[in-house]
Structure formats: C-alpha cells, structure tokens
Amino acid sequence: MKTILTLERMDKYGKRLEKQTQSSRSFLKNFIDELYLLHANIGGPIGSGTAYPNGFNVDLAHTDRMRLDGENLSVAAPGGGIGFNGRLGGQSWRSEIPGELIGIVLGSGSIAVTPLDKRLNQIYGNGTRAPDVAPSIIDSYNPQYTSLLTLNANAGQPNVVVANASGFTAGEGVHISDSLHDEWHNILYISGNILVLDVNLSQNYLVANVAQVYNGDNDGSSANGNNWLGQGFVPSTTHRITSVSIKIYRNGTPGDLTVRIRGSDPYPSYPSRNSINDLTSGTIPQASIPVGASNAAYVSCSLPPVDLYAGRKYFIVINCTGSEVIWRRKTNSPLYMKAFTGEPDYWGRRSTWDCVSHSSSDAGVSWNYSGVQIFMFTESGQSLGEFRIGGMEVAPLVVANPNASFSVRRLFANNCGSSLIVSEVGLHTIDGTDVIRNPHLASRDVLSPVITVNDSELLAVTFTPQITV
Amino acid sequence: MEAVLKGGARVELTGDARIITPGEIKTLLEPGEFGCMLDWEVKDPKTNLVTAKNSKKSESFVRQFIEMLYLLMTQRGTNYGYLAGIRDIYGRPRIGLAMSRTFECVAAAGDITKGIVIGTGTDVASINDYRLQTIVPSGTGSGQVQYSAVIFGSPAYDSTTSQFTITRNFANASGGLIIATEIGLYTLLLRTDHGNSDIDYLAMTIRDVIPGGISIPDGQTLTVNYRPQAVI
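So the protein sequences, as listed, match chains A and B. Here the first sequence is numbered in the working numbering, starting from 1 and rising by one per residue. Here the second sequence is numbered in the working numbering, starting from 1 and rising by one per residue.
Because the hints were derived from the structure by calculation, they are not lab data. One should not assume that every hint holds.
What the hints assert, rightly or not - In silico contact screen, one side only, chain B against chain A (beta carbon under 7 Å); selected entries: (1) 31; (2) 72; (3) 75; (4) 105; (5) 155; (6) 199; (7) 201.
It should be emphasised that the depicted structure is a prediction, and the values quoted were computed from it without experimental measurement. Ideal Cβ positions, reconstructed from N, Cα and C, are used throughout, including at glycine.
Next up, chain A with everything else stripped away, as it sits in the complex (with noise of 0.2 Å):
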C-alpha cells in the first residue's frame, strides 16, 4: 500500500494557488502496533483482557492500548476545538480529545522522521493567534492579594488590620510578615479592613518593620530524593512551552531542583495513570533556591522548548536528590488556575480535579492525588501560530483492479494574521484502553519543499491509501 499525499493551497473563495503531491514516506511503528492488536486480538474489548503495554500517546504519557469498540486506527474527528467523545458508543466517559488531536496535523518542524517517532516535532494549534514574538505567560495559579498592616498586630489576638481588604476572601489562608517573623493563618471572616484569623497570631507584627499580609499559598509541601511533587495544568492554547516559575524554599543543602514537564491521561479520576516520561526538563541550583519559609519566592527554570497541545493535561513535576524543598501550596478553596480571574480552561471549566496537586513516594512512578490543593506555578511559552481546523472530510471508496483506494482530507484556515510554514504533516489515530482514548502518531512526514500559507488562505490535506495487486 503507498500513501499520497497531496497538499493544495487556494485562496479564501476556494481557488488553487499551489499544489504540492509527494509520497507519504512514513508509516510508524504505532501504525504497526495498533494493526498488531487488530490481527492477533490483543486485549480488550472494553472492561476484559490484557492490554498491551508501553504505548504512549501523543503526550508521551504512558497509556497501556487495546482493541477498543472499532475506534482504533480511526481518524475521522470533528473540527478544531470540539470536544470528541473518545468512546464512540454512546458511553459517558469522555477522554476528551480536542477535535483537532484526531486525524491530519500540521507542524512547521523538520527533525527527520524514525519509526519510533510519537509526535510532530512542533505542531499547529486550532484558532487564529498569530505567532508569538516573545514567551509570554499561558497558564498560572499564583493567587496573591498583598497589603501592608497599618497597625501593629499582636500575639495572642486574631486580628489584622490591613490598608486594603478588598482582595481577601474568607476561608483561604493568608501569610503575614515582617522582617522578623512570620506565620500563616486561614481567615475567619472580614470586617471591613480587619482580618480576623482562625487562631491567635505568635508573633508580634510591627507596622516599622514592614508588616505585611497576602494570601494566596498557605501551605507547602517537600520534595526530596523520593518524594517527588506534581502540578497538573490544562493549556488553553497549544504553544511552545518555554519556562515555569513556581513558588518554592528550600532547608538545608537539597541540591539541585529538577523541573519536568510530563503528559497525562486527562480523565481525572485516574491519577496513577500519569506518564512517567518527561517531554522536557530543566534544573533550578540550589544556589538560586533562597532558604527558609519567610524567603519562599517564585523561581524561574527555564526549558528546553516543547509543544503542549490545547486541552491536554500536563503536570509539573519537581525533585531534588536531598532534603528538602519546600513547593508552596493553597489548600483552601483553591479555584483551579483561570477560574480565579473568571476565564475558563479550553473546557470551559472553572473548576476540575484534573489539576490538583500530586505526590508520590516513589520517584514518580506512581502519583496520588492531594484533594484540592493547588502548587503555586506559572507556565510561559511561544504560540507558533494557529490554523482553524475543519473537521475530517471522507471520500469514498475506489475500486477498479488493479487498484483500490480511498481519501481522508481536511481544511486548514490560516486567519492569524501572519504567513505559517507547513512543513511536516501527520497523521493521528485513536488509540487507548477500556478507561481511556487518547491521540496517537500514525504517520508522520516532514514536506520538501515546505508551503507557506499566507493570511487568509487555505490549505487542503489528503491523504490517499492505495493498493494495488
């Protein structure tokens, strides 16, 4: 069987402007693996047997795979943005899958193509950003309302009395400070600028020493050798990541930090399914780590750059070799990231237990979840630019001997207001287990020459199955 592939780039009222047809060199080994599960029916269906192991999803999580209901090796997915119901049968479990996760992708990447590959080397999201010029930051949970006290607190007494009480809210915790103590304490209640604690204060907080309170974390949590610490985030545009800034101190000599971004299953209930395969990492020196609860601070490490896809759940996971770094956290009330400045995640969500905080003893083999607490973080990146994705267009099939063939294609809208550069096209299929469906690497070519589609035009992508006896 060869694949053409054909790729045509018309202007907005649908003319061709250029066409680009070449043989599509490569079929991977997942395409291998999921023909390996049809023909030697392995695992599965749904709720029985084994499924096979050590398949990774296009987020590199680690997702065992099996025969599903007939999905596997299904490209056929809705436009950009839709949510696509994994299990196709009517079922109430979602995997979640953007629309635009599932059938042909484009990337603007030019790493040559291995057998082993799992995803494109930089893919285009769904919508009309154009690209970025600089990082910028794409997702945070750092809630931080900060005032300075206007009179002395004392021990022994709940309240504190702040210059402005408008960004504090009743059951979250608060840090309160000085240049010599400090301690954190849930808020009972407000009246007017007075914040009244849950319990007495044990410290002595003087206005000339620059008393202070804001809330926002109010809690920590240690990493060390085995201990390791996870953050799960959801992006609301797919980007480059490039940095993380997370909240953190450290006591004693930790060592170095080490920063990972790792894929997940997005159902939310099974946590132990994490991926234990980093999609970048970085390290933070211990030297940069200042020392002590009253020092603890956001620090910046960066990545080496790597694409998370829109609607896909990643964790930030942190470890060190010693003890011990504290990761501060908010425990109380701790709306998921957007949903404290009111904007949803891609789904729309203001609140999920897909990105709580998580722990494991083992050094991240497997994870537990915390409840609902949150690690303090922010996460920048770069947006290569978007396409509005159509959804997957089928052609019939084509018999006349010696020949039998059929087309899949989609439409690709550039309105981001600057040129994008395709230059490798993929294709994902459906893969996944009884719990699971998640997007997976077929097919993947790099293009010569590349096309560059400019603003306001469209790209047309077929592929073409073709045997011939």
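Following the hints, position chain B against chain A.
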C-alpha cells in the same frame, strides 16, 4: 494437540510455529510503503533439514483490506451506518462495521476459515479476489495438510522499518506431495449477534500466487510468515 504421521514421525501442530528471522528485519518494500513480506520454509521435522526457503514481497492486498481499513479510519458503521457489499470468503456481500475485532485472524489448529491459508489455485491475483481459488483442506487425508494454530510475533522495528509477524505451520501427513501455489490471509470482517449465538463473517485481505508453487513432501512441514511492515 499432536498428530502422529505415518511412519511414526510427530508433527507439532500448536505453539511451535516460529519466526524465521527473529531479531532481524528484512524488507523488500520501498520507502514510504506499507505492505507485507511473505516468508516460507519447508523442513523435515525428523532431520531439521530445510528443503525449501524463500522470502518475497507479498504482492496482493485485495480490496477487502482497504475496505476494512476504510471502515476503521473513517468510523463508518460504528453504531449507525455501514459499508455494504464487502465480500466474505464465500463470495457473499456483507455489511462491514468498524468493530473491535476487525482484522482479527486468530485461528485454532485445523481452522481454515481464519488466519493464513494455502491453496493450489494458479489464477492471477485480482483486486476483487475474495478467497483462495482452491484451498487445501486441513487433515491427514489425500490432498490435505494439518493447519497449526496461528501465532503472532510482537511488533519490532529498526531504523527504517516496523513490523509484526503472523505465522502458521502446515504439516503434510497426507502420504503424498502437496504443492501450494497460493497463500492468503483470512480475517474477521464482522462478528454479529444472531439471537443467542455469534456469527462470524470472514474476509480475505491478502492473496499471493506463488509461481511454480511450494513443494511440501510427505512428512515435512511448511512454515509461512506474513510480516506486515511499514518502511519510512
């Protein structure tokens, strides 16, 4: 299951089929091609003497293969809708549905309706072929071979090629020479629920005609590998 040949020689029928080229991927496929390699070997189990051996590119995916791939890729037929007119191995047009067992070719010893099958037909392959021209029955009678169970080799890869392996043994205890001139792969098209029992519709996805044929002397065993491969 074991069978005793005439003269006392034993032929293993299950679990002994082996992959001819373990750990080493050989391909004749072109870059960018998805296809199958077809290997065969004839061996005397008493002496382990190999009397014939070959490896070639399987040339003949037939239309049922692309129809079933089309079903899966496009999700036609899951719950609603279907692709009608896919011929089963008896030539009857069947409805195709994307399902969990599409392409399945697990077969027990003696089953000639699924898995790798051999025949004695010589007609040139056509895209419209839906069965072997003349299948060799399973058994020890004249003109029969004993089909082993189908076994599978897990996916493997090297720098350019990914593959898995489907293997079956054909033991000749018929008392005479058998010449296999065609080889095919029968897979499950659809398992459908008819009252209290399931009915399997089976479809041929590959048919290869072997010019000159493969001679299987009495007492010897033919091992056939189909190795689906993707070459970048």
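Evaluated hints:
Hint status for residue 31 (chain B) relative to chain A: holds, with the closest Cβ pair at about 6 Å, below 7 Å. Checking residue 72 (chain B) against chain A: minimum C-beta separation of about 4 Å stays under 7 Å; hint holds. For residue 75 (chain B), the shortest C-beta to C-beta distance to chain A is roughly 4 Å, which falls under 7 Å, so the interface hint holds. Using the Cβ-Cβ criterion of 7 Å, the hint placing residue 105 (chain B) at the interface with chain A is satisfied: the shortest such distance is roughly 5 Å.
The interface hint given for residue 155 (chain B) holds, since its Cβ lies 5 Å from the closest Cβ of chain A, which is under the 7 Å cut-off. At about 17 Å, the closest approach between the beta carbon of residue 199 (chain B) and any beta carbon in chain A exceeds 7 Å, and the interface hint on this residue is violated. The interface hint given for residue 201 (chain B) is broken, as the beta carbon of that residue sits about 15 Å from the closest beta carbon of chain A, more than 7 Å.
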